[in-house]
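**Q** Put together the whole structure using the sequences plus the hints.
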Amino acid sequence: MNSETKLKDPLSLKIAPWVSVIGFFVVWQLLIDTEIVPRILLASPVEVGKLLIDKLTNPDPDGAVLMTHTIISLIEALLGYILALITGIPLGLLMGWFVVAEGLARPPFEMIRPIPPVAWIPLAIFWFGIGITGKVFIIWACAVVPCVINAYTGVRMANPTLIQMARTYGASDWQIFTKICIPSALPMVFGGLQIALALAWTTLVAAELIAADAGLGYLITMGRRLLRPDMIVLGMIMVGLTGWFIGNIIDRIERRLTAGLERGGAAT
Amino acid sequence: MNKGLTDEIKVEVIGLTKKFGELLVLDDVNFTVRKGEFLAIVGPTGCGKTTFLNLLSRLIPATRGQIRIDGQEADPKKHNIAFVFQEPSSLPWLTVKQNVEFGMLIKGVRADEREHRLTRIIDLVGLTDCAELFPNQISASMEQRVAVSRAFATSPDLLLMDEPYGQLDIKLRYYLEDELVKLWRETGSTVIFVTHNIEEAVYVAERILVLTNKPTTIKAEIQVDLPRPRNFIDESFIEIRKQVTDLIRWW
Numbered sequence: 417m418n419s420e421t422k423l424k425d426p427l428s429l430k431i432a433p434w435v436s437v438i439g440f441f442v443v444w445q446l447l448i449d450t451e452i453v454p455r456i457l458l459a460s461p462v463e464v465g466k467l468l469i470d471k472l473t474n475p476d477p478d479g480a481v482l483m484t485h486t487i488i489s490l491i492e493a494l495l496g497y498i499l500a501l502i503t504g505i506p507l508g509l510l511m512g513w514f515v516v517a518e519g520l521a522r523p524p525f526e527m528i529r530p531i532p533p534v535a536w537i538p539l540a541i542f543w544f545g546i547g548i549t550g551k552v553f554i555i556w557a558c559a560v561v562p563c564v565i566n567a568y569t570g571v572r573m574a575n576p577t578l579i580q581m582a583r584t585y586g587a588s589d590w591q592i593f594t595k596i597c598i599p600s601a602l603p604m605v606f607g608g609l610q611i612a613l614a615l616a617w618t619t620l621v622a623a624e625l626i627a628a629d630a631g632l633g634y635l636i637t638m639g640r641r642l643l644r645p646d647m648i649v650l651g652m653i654m655v656g657l658t659g660w661f662i663g664n665i666i667d668r669i670e671r672r673l674t675a676g677l678e679r680g681g682a683a684t
Numbered sequence: 028m029n030k031g032l033t034d035e036i037k038v039e040v041i042g043l044t045k046k047f048g049e050l051l052v053l054d055d056v057n058f059t060v061r062k063g064e065f066l067a068i069v070g071p072t073g074c075g076k077t078t079f080l081n082l083l084s085r086l087i088p089a090t091r092g093q094i095r096i097d098g099q100e101a102d103p104k105k106h107n108i109a110f111v112f113q114e115p116s117s118l119p120w121l122t123v124k125q126n127v128e129f130g131m132l133i134k135g136v137r138a139d140e141r142e143h144r145l146t147r148i149i150d151l152v153g154l155t156d157c158a159e160l161f162p163n164q165i166s167a168s169m170e171q172r173v174a175v176s177r178a179f180a181t182s183p184d185l186l187l188m189d190e191p192y193g194q195l196d197i198k199l200r201y202y203l204e205d206e207l208v209k210l211w212r213e214t215g216s217t218v219i220f221v222t223h224n225i226e227e228a229v230y231v232a233e234r235i236l237v238l239t240n241k242p243t244t245i246k247a248e249i250q251v252d253l254p255r256p257r258n259f260i261d262e263s264f265i266e267i268r269k270q271v272t273d274l275i276r277w278w
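Protein sequences appear in the order of chains G and L.
For the first sequence, our numbering puts the final residue at 684, and the numbers step up evenly by one.
For the second sequence, our numbering puts the final residue at 278, and the numbers step up evenly by one.
One thing to keep in mind: the hints can contain errors.
[Said to hold, decoys possible] With a straight-line cut-off of 25 Å between C-alpha atoms, the simulated BS3-like cross-links for lysine-lysine are:
| # | chain 1 | residue 1 | chain 2 | residue 2 |
| --- | --- | --- | --- | --- |
| 1 | L | 37 | L | 198 |
| 2 | L | 37 | L | 62 |
| 3 | L | 37 | L | 104 |
| 4 | L | 46 | L | 209 |
| 5 | L | 46 | L | 62 |
| 6 | L | 62 | L | 124 |
| 7 | L | 124 | L | 134 |
| 8 | L | 46 | L | 241 |
| 9 | L | 134 | G | 595 |
| 10 | L | 124 | G | 595 |
| 11 | L | 104 | G | 595 |
| 12 | G | 595 | L | 198 |
Keep in mind the hints are simulated off the structure, nothing from the lab.
**A** Next up, the structure:
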C-alpha cells in the first residue's frame, strides 16, 4: 500500500532536492557576481564559506572563533532550557492535580504568560548585565511556559476511569498523582519539551542580538556594526544548523525515553 | 467451599439515599450481603445501577444512609474494596502482569505475597502467555480479564463489578463468567455484580436483587439455588430467568 502511494519514479525524487539546493546556491552566487544585488547588502555563498573557514581559527574582528560563539550560545540555551524543565514540569504536574497548587500558581502564571519573553530583555540587562545569567533567565522565562502548560494539560487529560480505579483500591491523592497522573501526562510533557526548545533557541538569538559580548547572535550583531554581510549570513547559518542539531538530539533522547511508553501508550 | 452455609453478614446497606440536586436517584435502599456471597443486581436501563455502585465504592458520597462492611462504615482506605469497571481500566504504560499487581501495590501487600498471588491468579485466568505484553497488544476481553484479576488479587472484602462483560460478545461472556465464578470460589470474595443482562445474572449469582426504575429501590429479591456449572437451557434456569424478566418488565 505504501509503495503504491509513493512517486512512480523514485529517481526524480532523489534528484529533485539536490537540484533545488544546488540551484539555490548557484542563483544566490550569480545574483552577487552580476551585481544585481550589491555586495554591501548580501555576501555570496563563496564569501561566506571562506569566512567560515577563516573563523574556525581567527578570533578577529569580533573577538572569538566560531566554535566559541557556538558553544556560548549552546551553554546559555541549554542552561535556561534545563532550568525551565526542572521548574516547569513539576509545577505543571502539581497544578494539574492538586487544587491548592493550581489555585496558588495559576493566577500569577496566567498574568505573566502573555508577556513575550523578549520583553524581559531590558529588565534582564538591569538585573544581570549582559553576561550569561541574564540570557539564561530570559530563556528560562520563555521555555518554562510550554513546560508548565503541557504538563498541566497532560495531567488534566488523564483518563478519569483510571483515577477512579485507583481510588476504589484506596489510593491516596499522592499515589494517584505519582502512579496515574504523571505517567498519563508524559506524552504531553515530551511534546512540551520540543516546543520549549524551539522557543528557547529563538529567544536566545534575540537576546544575544541586544545584549551580549559573545554568542552567535552577537556574531550577527557585529556583522551589522562592521558592515560585514558575510558575517551576518554566517551567523544566521550557524544559528540554523545548531538549532537543527540540538533539535535532533532532543528528538533522539525523547524517542529513547518514550520507547516503552509508545509501545504501551499509543493505544486504540 | 460452599459459601452458602455461612450466615455472617459482610455488607450492610441501611437507608441508602442519593439525590443529585432535587433529583432523587436512590430511595431508601436496604439490604445485606453475606460473607462470600455472589449477589447480582439487575434493573432497567438508566435505573441508577452505576450510581448505586459508585455509592457502595465510596466514589461519591451518599445523601443519607449507611454502608457498613464488617459492622464499620465503609472506607476504601480501610476496607479492601475492589471495583471492576465496564470500560477498560488497565494502565497502558504497565504490562499485563504489572497491571494485575497494581491493586496489591496500592493496598501495600508485601512483595513475596504479591508474587505468590500474581503467579496464582495469572495462571488461573490463563494470562501467563501475555503477562509481559502491554494492554494495547491484547484483546478487549483479555483486558477485562486483567481488570478482574487485578481485583481478585487484592483478596477484596467486597468486589464490585459494573457490567464488566457488557461490551463483549455472548460466547466470550459465558467463558469469562465461568472464569469469574471460578475465581470467586477460589478466593472466597464477596461479590456484588451489576448487570442489565438477566441471563448473565442468573448464570453467576447466588441471589439477585431486582431494582425499580428511578427513584430506585429494591423491588424483589430472588434466590438462585441452582447447581454449578449452570446450564442456561435448563428448565429451572429458564424459569428463574423468566421470573426476573417479568419483574423488570412489570412496571
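**Q** Report the numbers of all earlier hints that the structure fails to satisfy, in ascending order.
**A** 1, 4, 5, 6 and 12
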